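K.L.:
The primary structure of each chain is shown beneath.
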Amino acid sequence: MLSAVAHVLGSSAPSPSWNVIHDVHQLLHYAFMRHAFTAGTIVAVIAGVVGYFVVLRQSSFAAHAMSEIGFAGASGGVAFGFSAVYGLLGMSLLGAGLIGLLGKRLRGRDAAIGSVLAFSLGLVSYFLTRYKGNASGAFSLLFGEILGISVRDVWVIAISGIVTLAVMAAVYRPLLFASLDEDVAEARGVPVRALSIGFFLIVAVAVTAAVQVVGVLLIFSLLVVPGAIAERLCRTPGRAVALCVAASLVFVWSGLSITYYTKFPVGFLITALAFASYIVVRLLEVARRPSRTTGASHGTAAAVVPALGSLAGVPQPGER
Amino acid sequence: MANARPADDVGTMSDRPLIALRDVAAGYGRVAVWDDATLDIGRGEFVAVLGPNGSGKTTLLRILLGLLRPTAGTVSILGRPPRRGNPAIGYVPQRRPVDPELRLAGTELVKLGLTGSRWGTGLPGGAARLRRRVDEAVTAVGAEAYADHPIGTLSGGELQRLALAQTIVGDPEILLLDEPLASLDVRNQVGIAHLVATLASSRGMAVMLIAHDVNPLLPVLDRVIYVARGKLTIGRPDDVITSAHLSRLYDANVEVLRDSHGRMFVVGLDDEVAHPHPPTVERPRMDPC
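Protein sequences, first through last, are from chains A and B. Mapping of the first sequence onto the working numbering: position 234 corresponds to residue 234, and the numbering continues sequentially without gaps. Mapping of the second sequence onto the working numbering: position 106 corresponds to residue 426, and the numbering continues sequentially without gaps.
Think of the hints as simulated: they come from the structure by calculation, not from any bench. Quick caveat, the model's predicted, so the values are computed rather than measured. Please note: incorrect hints may appear among the correct ones.
[Said to hold, decoys possible] Which stretches of chain B does chain A cover? Using the computed rule of at least three CB atoms under 8 Å from a CB of chain A, they are:
#1 404-411
#2 416-423
#3 433-439
Where is the CB? At the ideal position from N, CA and C, for every residue including glycine.
Could you put together the complete structure from these sequences and hints?
P.N.:
Right under this line is the structure:
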């Protein structure tokens with residue numbers, strides 16, 4: 001499959017005509033591109049919806065860890081001769097269950113996740129030495145292989161997508177409540193612990209789908225960056241989720257289109273676009289900031305200033 | 321005057337109590353926090369819960385919320401046992417630092433008070449009615465000016481008012497507030513105390529408010545619950561917060577001082593209280609970090 005891609009891209013050297021209909025037609029001419037666009041679109045939607053909550057729940061590290069725990073499963077799957085996707089899904093679900101059990105407010109959570117993460121990468125190195133096939137298998141897991149995606153992979157991703165979106169729709173409001181205001185949500189009868197575990201299981205499914213597109217190492221670009229952008233721009237959660245999905249779609253579609261006409265790898269393009277957008281949003285924020293600080297937070301500033309003044313006026317113990 | 325009659329009998333409302341405790345004991349595992357608590361709190365009553373750190377003030381609220389089972393005795397909320405998620409109770413936990421980057425509008429927090437415990441995404445049809453109820457709650461706490469601002473930019477007092485709006489939007493009959501005055505400046509402490517009192521009387525809610533300092537609350541309080549040294553006592557502030565009463569109750573040399581403005585200061589309980597209950601066991605899930 002990959003050689004077919006290389007052949008198509010190398011020999012015919014397509015270039016965009018800037019006629020949208022013609023270009024779309026050209027982009028979708030080959031089956032591998034149609035698969036890539038289908039899978040990429042589904043993954044972008046899943047990652048957008050899940051990603052906003054990953055950022056809101058401050059679980060970026062956990063999401064990243066899950067992809068690497070999944071990587072151990074995938075390489076194990078390859079080493080022992082069953083499917084990499086099932087290994088990936090199985091291990092990331094297991095990792096999700098464990099991380100979910102740790103709870104949201106546990107202080108040592110990051111250290112615990114880090115320990116599991118280190119161990120799973122150790123497993124990877126073991127599995128990869130067992131599996132003495134070509135190293136490109138591991139490479140495609142690490143960086144994604146969307147242009148080599150099969151019809152079966154597209155089905156797996158589509159089913160993951162339906163499951164993810166259905167569950168997210170069902171738990172949307174309680175999950176939002178638990179993410180923003182866990183103590184009140186718990187008192188109001190929201191099952192915060194079950195939601196925490198359930199959410200990580202959904203992240204595991206989203207990770208499994210997203211790994212096919214961007215790989216284990218680049219998963220932040222789809223699972224975290226759109227969420228980070230939306231969190232910084234949107235006043236309502238509905239708009240934030242919509243922006244998240246839109247941003248992921250733009251990253252994936254642009255990445256796929258540009259890769260078709262150039263020799264840059266998709267993973268690089270998607271991450272570069274995501275990173276550039278994030279930088280732009282941060283810069284816009286800095287440009288906007290002065291007007292906001294004088295307005296809304298002057299209450300805190302006013303409280304701090306006299307305190308500092310009185311501190312300065314207090315004679316220091318050793319002075320006399 | 322302070323010793324004329326048992327403090328328990330003072331100030332109970334005429335109708336059926338909203339909160340009733342009979343010989344209740346609380347603890348975590350085998351470690352007792354306090355025991356022998358008997359009290360009634362009625363409609364429209366404003367009660368402050370006072371006492372040293374780690375004495376079990378939050379434990380009392382957790383029992384009423386159904387998050388912790390009492391180790392002995394019976395508790396009834398509106399005539400029924402406590403249960404988690406009781407819509408009759410509005411709860412504001414101790415405030416935790418808010419992510420300053422969070423750009424969601426304050427009204428989203430208020431809205432969750434009404435919709436956050438319902439499954440699904442909600443239907444677009446209910447948006448106008450929801451908006452109206454949120455606006456009513458925001459107006460009731462006087463937060464119209466900043467309710468739409470990003471949560472991350474709000475001050476402590478502003479967040480506290482929105483947290484109150486979030487609880488009253490569901491029309492509760494009981495308000496449980498855990499240290500709502502902590503880390504506020506004096507002006508805001510008095511403002512929030514008066515706001516809570518106004519809400520309680522206009523809506524007929526019973527309020528239990530944990531506080532570190534009783535003074536901002538003195539003008540609006542009906543009764544106080546004093547928790548220290550494994551015991552819990554309830555009564556009018558003038559009866560409970562006296563040197564003689566507290567000294568006898570806690571078998572310690574407690575002194576209540578008053579300054580020229582009538583403010584009260586309790587001396588002699590804070591240092592003592594650590595001994596009967598080891599601090600490691602006392603605060604298992606009480607202080608969110």
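K.L.:
Could you run down the list of hints and mark each one as holding or not?
P.N.:
Hint check results:
| no. | hint | in the structure |
| --- | --- | --- |
| 1 | 404-411 | holds (count 6) |
| 2 | 416-423 | holds (count 5) |
| 3 | 433-439 | holds (count 6) |
Checked against the numbered hints listed earlier, the structure breaks none of them; every hint is satisfied.
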